[in-house]
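The lines below spell out each chain.
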Amino acid sequence: MVVYSFYIFDRHAECIYKRQWLPPAISTTGKTSRPSSQTYVNGGPHSRSVLSAEDDAKLIFGTVFSLRNMVRKLGGEDDSFLSYRTSQYRLHYYETPTNTKFVMLTDTKSGSMRLALQQIYVNCYVEYVVKNPLSPVEHPGGIGVNNELFEASLEQFVVGSILHAE
Amino acid sequence: MVSGPYMFLRTRVDKVNAELVTLTYGTIVAQLCTDYDYDYTQVNQQLDKMGYNIGMRLIEDFLAKSNTGRCGNFRDTAEMISKVGFKIFLNITPTVTNWTADNKQFSLLFDENPLADFVELPDDGRAQDELWFSNILCGVLRGALEMVQMSIEARFVSDMLRGNDVTEMRVTLIRYIEDEMPPDDE
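Chains as they are written, first to last, in the UniProt record's numbering: chain L, 1 to 166; chain E, 1 to 186.
Next comes chain E alone, as it looks inside the complex (with noise of 0.2 Å):
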């Protein structure tokens, strides 16, 4: 039996205010806008590579914090990201939806997103079409579910900021990644 100071129980998760890192999103995304000379599509590019970035690391942080094994098939991903990937980081709960005939794909439907409170897209006649302005989430799920050996596409294909009903990612899972053997010596 292991006794002393690192036996502590992690039921914490430590509270940070939620506007704090709403208005964090908001400037980093007009920064992005303002860098990139309003090319949406650069911007949206950049924060998927922002939130690749960030997945990867965030990936160890829910698998410490969850205490999760391997999942073992495309569906028990899709829950473990909605019910307890997005509560714990973000503390909504997506709903999943539209799965294809052949489990590869997915929605996740936004009720709420916190990234995108107090947001109105400027009325520029392009930002309404063109930006996805929570386009860093596709690509901390590409991150994180790469490091868990699953290659997977992550887009928006609606979004309550540019007037539809709902805000809307598809998931789509291209293949599970091989483990990587040492190279052959002697």
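So that you can see chain L by itself, here it is in the shape it has in the complex (with noise of 0.2 Å):
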């Protein structure tokens, strides 16, 4: 499988962190649906239209704000939004008690990444955010997520576990 990137938001509907693992110009984030004539191989800045890295994040954040409220009032407040596909990519979503909002987007072929993003919420996110007193216990703009252990904690579980996982 193939992890595209990676967005924490906290409860003030704030981006803090966001990772990409493949260069923006071939990220499935965003894409419309296009004739199958349409080559993707290629890829380069015509493949999707070009939204900044804040865009892409406030978009992410609006698509699971709305289908994590629609869940609950179809399926009732125990109800939770775990996951959606397109044709082109598949968006992971793990929400903590405390409203901090984990999501990943994936290659197709992947399957469940609850078990996932809640170990990045328990062994890298508080181990190396919440439990650092120099980083503050709110964080806008991001300050005090990207440390360096907190980031190389992530891309260590990413690179050595999931990627690697079917």
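Incorrect hints may appear among the rest.
[Stated by the list, open to error] Quick list of in silico lysine-lysine cross-link-like pairs, BS3-like style, CA-CA up to 27 Å: (1) E:K83 - L:K73; (2) E:K87 - L:K18; (3) E:K87 - L:K131; (4) E:K83 - L:K131.
FYI, nobody ran anything at the bench for these hints, they're computed from the structure.
Put the complex together from the two separate chains, hints included.
As structure tokens, then:
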């Protein structure tokens, strides 16, 4: 499987961390459906409209926020939004009771990432961001999240575990 | 299936000598009393503020360790606080009691309070009536519950250190905090 990108949103609806593993030019995020004759192999700036990284994050937050609320409306307060899939990518979602939201975009072949996202929360985010007293409790603009230990542990987790699964 | 070094289970909570915690806390309280010239109202406020800051981080550690989902109602929250939260962090299980009819207020009764072992309040004519020695616990609870969208008030109403029969913390739900919406743009 392939991991395209990863985002963390805080309880204030702000993106506090974003990470991409492929160049934006061939990322499938935000891609609209095209006729099948369109070739994607070459990628390049014309493969999708160019959004800034901030706009990507806002678009993703709006999408998962709406879906998460819709899921609760339709399935009850105990229901949870887990994932959606398009023809090009799959989005995985994990939300903690503190309203911290972890979003990962992967290729369509990947299975459930719920356990992986929970592991990222438990072993990377809580250990290296929350428990770091020099990282603030709130992270406006992502301050305190992209510290070296967190990024190294996340990278090790994604590269070492997820990419070799299935 | 995810495999690799991150699949270890976190069933072990590291042990720390309980007396180290008690003595550390005692030193903090004693230092605050000195710093604030024995103005016990100020000391209570500082302990609450320190507890609030601790609670905002401790809740994430609690959620990570306990794998707990969202609590559906305040009664479930009280049980979680007593049977899981206090058990994990202080190895005690205070009693939940004295609910009001609207289910918005309850008491926690502490038969044991590790923070107050070895403690005797000074005989200065004021500490017995003004100092809430374990007030940091009220702040911890307020900070932790705010992070899971509950605005509460917590305060001690009796304390065995003061000569009362029981140590009782009264917890009141003020309101549930709504989800924040992203700012409108475009």
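Next pair to validate is K83 of chain E with K73 of chain L; report whether the Cα-Cα distance is within 27 Å.
Between K83 of chain E and K73 of chain L the Cα gap is close to 31 Å, so the pair fails against 27 Å, i.e. violated.
Is the hinted pair K83 of chain E and K131 of chain L satisfied, with a Cα-Cα distance of at most 27 Å?
Answer holds: K83 of chain E to K131 of chain L is near 23 Å, not above 27 Å.
Is the straight-line distance between the alpha-carbon of K87 of chain E and that of K131 of chain L 27 Å or less?
holds (20 Å)
Assess, step by step, whether the Cα of K87 of chain E is no farther than 27 Å from the Cα of K18 of chain L, and give holds or violated.
Violated, at about 36 Å.
Going down the numbered hints, you'll see the structure goes against 1, 2, while the others check out.
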